[in-house]
Amino acid sequence: MKLEELRFGTELLKRGFASMQKGGVIMDVVNAEQATIAEEAGAVAVMSLERVPSDIRKMGGVARMADPEKVTEIIEAVSIPVMGKVRIGHFVEAQVLEVLGVDMIDESEVLTPADEQYHIDKKQFKVPFVCGARDLGEALRRINEGAAMIRTKGEAGTGNVVEAVRHMRTIMGEIRMLRGLDKQEMADYAREIEAPAELVIECAERGRLPVVNFSAGGIANPSDAAMMMQLGADGVFVGSGIFKSSSPERMAKAIVEAVNHFDDPKVIAKVSTGLGDAMPGLDVHTLRDDEVLQTRGR
Amino acid sequence: MDAKIGVLALQGNVSEHIDAFLLALERMGHGPSSEVFEVRSPEDLAECTTLAIPGGESTTISRLIDKNELYDPIRQFKGGIFATCAGMVLMAADVADPRIHPLALLDMAVDRNAFGRQRESFEVDLPIAGLEGGSFHAIFIRAPVVTRAGPALNVLARLDQGIVAVECGRHIAVSFHPELGDDTRLHERFLSMNGI
Chain L
10 MKLEELRFGT
20 ELLKRGFASM
30 QKGGVIMDVV
40 NAEQATIAEE
50 AGAVAVMSLE
60 RVPSDIRKMG
70 GVARMADPEK
80 VTEIIEAVSI
90 PVMGKVRIGH
100 FVEAQVLEVL
110 GVDMIDESEV
120 LTPADEQYHI
130 DKKQFKVPFV
140 CGARDLGEAL
150 RRINEGAAMI
160 RTKGEAGTGN
170 VVEAVRHMRT
180 IMGEIRMLRG
190 LDKQEMADYA
200 REIEAPAELV
210 IECAERGRLP
220 VVNFSAGGIA
230 NPSDAAMMMQ
240 LGADGVFVGS
250 GIFKSSSPER
260 MAKAIVEAVN
270 HFDDPKVIAK
280 VSTGLGDAMP
290 GLDVHTLRDD
300 EVLQTRGR
Chain F
63 MDAKIGVLAL
73 QGNVSEHIDA
83 FLLALERMGH
93 GPSSEVFEVR
103 SPEDLAECTT
113 LAIPGGESTT
123 ISRLIDKNEL
133 YDPIRQFKGG
143 IFATCAGMVL
153 MAADVADPRI
163 HPLALLDMAV
173 DRNAFGRQRE
183 SFEVDLPIAG
193 LEGGSFHAIF
203 IRAPVVTRAG
213 PALNVLARLD
223 QGIVAVECGR
233 HIAVSFHPEL
243 GDDTRLHERF
253 LSMNGI
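Sequences listed follow chains L and F, in order. To convert, note that position 106 of the first sequence is 115 in the numbering used here; the numbers rise steadily by one, no gaps. To convert, note that position 52 of the second sequence is 114 in the numbering used here; the numbers rise steadily by one, no gaps.
Just chain F, same shape as in the assembly:
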C-alpha cells in the first residue's frame, strides 16, 4: 500500500521524524509513491493514512492543537498514530495537569518530566519487546513515563520509573526519541502495523 504519512507540524522535532520515515520507507523497499508530509490543519490531516505526533513542548503543542481546530479531527482520525515524548503525553487519557488537554486515545495515565530536568536527561540501550536486532538506543529528554496502562495496552518497555513504550491497535507511544539517530526499527514497526 502507498503510504501517506503525516507528521503533526505545530512545534517540535518535525523534520527529524520526516527524515526517519523517509529512511524507514527506503529500507522497507517502498517506492517514491509513498509520501511523508507536514500536518498543520484539519485539511492536511484528511490527506493522511497514518500520523506521527513528535516531541516538543507538550503544553505548547496541546494549545496549538486546540487553536488550529485539530483536537476533534485527531480524536476521530482512523489511522494509526506514532507518538513520541510530548506526543505520548498528548495521547494519554489522564495527565493530571490542567495545562494539557489530552487526546485520550490511549487508556493510560502519564507523568510529565518524570525523570527531572534537562540535566537528568539520558541515553540508554533499551530492550523493547518484540523488536528484533537487539536493544534500542533510546534518547530520553525531559521524558514522561506511563504510570498506569489499561488492560488493552501492550507494554513494550519499562525502566525503574515506569513504562516507557506501549502499543495498542495501530498506535505506538514511546517516552523517548527514536527520530534522533538512524535506527528506524520503531518507525518500520509502526508502518508495518498499519499495513504499509
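Bound-form chain L, shown alone:
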C-alpha cells in the first residue's frame, strides 16, 4: 500500500472517532496519576487540563490552554485517547494541541474566549473537534464550522446538573418539534435559529443531531450521569465531579457503570452506595453574570 493512497483527517474519520466514544465517560484529569486512575476505571478518553473547572472558577483571571508539558505527560501515561481544551476562537492553541498529538480538541467556554466574533475554522484541522452548545442553533452552527462532536454545555464547575438538563432537553425537544414541520417551515425555522437549512433538515430526517451528542457541565454522581443518558445523551463528560469527590477512584468506576446501565435503577443504587461525598456544589442562581460560562461563544 503506497502512502499517497491513504487519506487522513477526513470528515468521516473525525465523526467516526467521535462515534467510538459512544456510551462512554470522558474524564477531566490534571496529571498522569489522575489519567491512569481514569483509564483503570474504564474512561473512554481523558481531557487533559491545567486545572479542573471548579478550580478555574476559584482562580479567576484568564484561563488558557494547558502547558504542553502537562498534555504530553498525560499522553504518555495512558493508551486511551487524550483530549485537550482551547479557548473559543484560539486557532493557534488548537494548532499546538494538534502538533502535540491530542486526539480531539475541545473548543471550550470553560476557558476565557479569545475571539468574541468567530469560532475556530475547524475544517482546517486534521484532528477532530468537540464544541459546547445550549440549543439546536448553537449545535448546528458548530457542526457547520466542522465540529465532529457536540456536548451540551451545562454550567461547568458547579456540580449542579440543572443546566446540563436544561440544554439537553432544549436540543432534544427542538429536534422532536422539527418532525411536525414541512420543508418551507424548516427553512424558516433555520433562519430563526441562525443555522444552515440543510443541517436542520438532516436533523428532522434522522431524529437526532448529525454528530454524536454528549452531556457535560455539572454531572457530579452516578445518578446525574444516568439521567443525562436517559434524556438522550450519547455519553458524558465529567469534569470536576470525579477528582473533587472524596474518593475519586470509586466515583470514576461508579459513573462508568451507571452510564453502562443507565436504564437499570438497581445498578445505579448499587454503585451509588457508600460512595462518600460528591464534589461541593454551587447554586447556579447565585452566580454573577460574569461567572456564568455557558453564555460564552454562541
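Source of the hints: derived by calculation from the structure; they are not laboratory data. For every residue, glycine included, the Cβ atom is placed at its ideal position computed from N, Cα and C. There may be inaccurate statements among the hints.
To be verified - Chain L stretches covered by chain F per the calculated footprint, using a threshold of three residues with CB under 8 Å from any CB of chain F:
1. 15-28
2. 40-54
3. 85-97
4. 129-142
To be verified - Here are some chain L residues the structure puts well away from chain F; computed CB gaps all over 10 Å:
5. 190
6. 258
7. 298
Position chain F relative to chain L; hints supplied.
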C-alpha cells in the same frame, strides 16, 4: 435460517453495526423474521446465533465484559463472532497489555493503536482476499494490527504495518470499521459463513 444477530452493546459503535446488519440482511433477501439486537447480559447472549463485537475503547469494553459477567459466556459462545477494531483486540490470544483481558478466541497477537494517534487515522481502498466486487473502502481509526497469526487463521488483508483482516472458522476480525459506510459485503460474508 432465521438470523438472531447480537451486537455487544457495552460501549462503542453499536447502532452503526445494527444498521449495517439490517441492511446486509435486506440485501441478502432475508425477511422480517431475522432479528438484530443489543447484547448487554449473559441472558441476551444466550438468545443469539451470531455476535458482533464493535469498535470502541478496548480497555473500557474489556472492563465491562468482566463487570457484566460476560467473559466466560463469550468464551463459550458457539456461534460466529464478527469483531471490528477494539473487537479484534479482544478476540486475540496475546495483547501484551495488562489493561486488556483478551478473550483468546483467535490464535493471534495484536498490537493496539499500531498506526499511532487519531491524526494518523486514515481511509484506504483495501483489497480483501476472496471478496468480490473490488477493494473495500476501509476506515482505520486508532486501529490495531495483527503481529502474529497462527496457522489456523486465514489472512484476508494486510498493510505495511501488519495484518488487518483475518478469518477462522465462523469468525471474522478486522482492524477497520466496515460499519461506517454502506458497503455491507463483509457483514454479508460473515452471515453467509454462519449459514444465514
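Verification of the supplied hints:
1. Figure legend: the segment 15-28 of chain L, annotated as covered by chain F; annotation consistent (10 residues with Cβ-Cβ distances under 8 Å, at least 3 required).
2. Three residues within the 8 Å Cβ limit are the bar, and the segment 40-54 of chain L against chain F gives 6, so the coverage statement holds.
3. Three residues within the 8 Å Cβ limit are the bar, and the segment 85-97 of chain L against chain F gives 3, so the coverage statement holds.
4. Coverage of the segment 129-142 of chain L by chain F holds [criterion: at least 3 residues with CB-CB distance below 8 Å; count 3].
5. No Cβ of chain F comes within 10 Å of the Cβ of residue 190(L); the nearest lies about 25 Å off, and the non-interface call holds.
6. Residue placement check: residue 258(L) keeps its beta carbon more than 10 Å from all beta carbons of chain F (closest about 13 Å).
7. For residue 298(L), the requirement that its beta carbon stay farther than 10 Å from each beta carbon of chain F is met, with the minimum near 37 Å.
When held up to the earlier numbered hints, the structure conflicts with none and fits them all.
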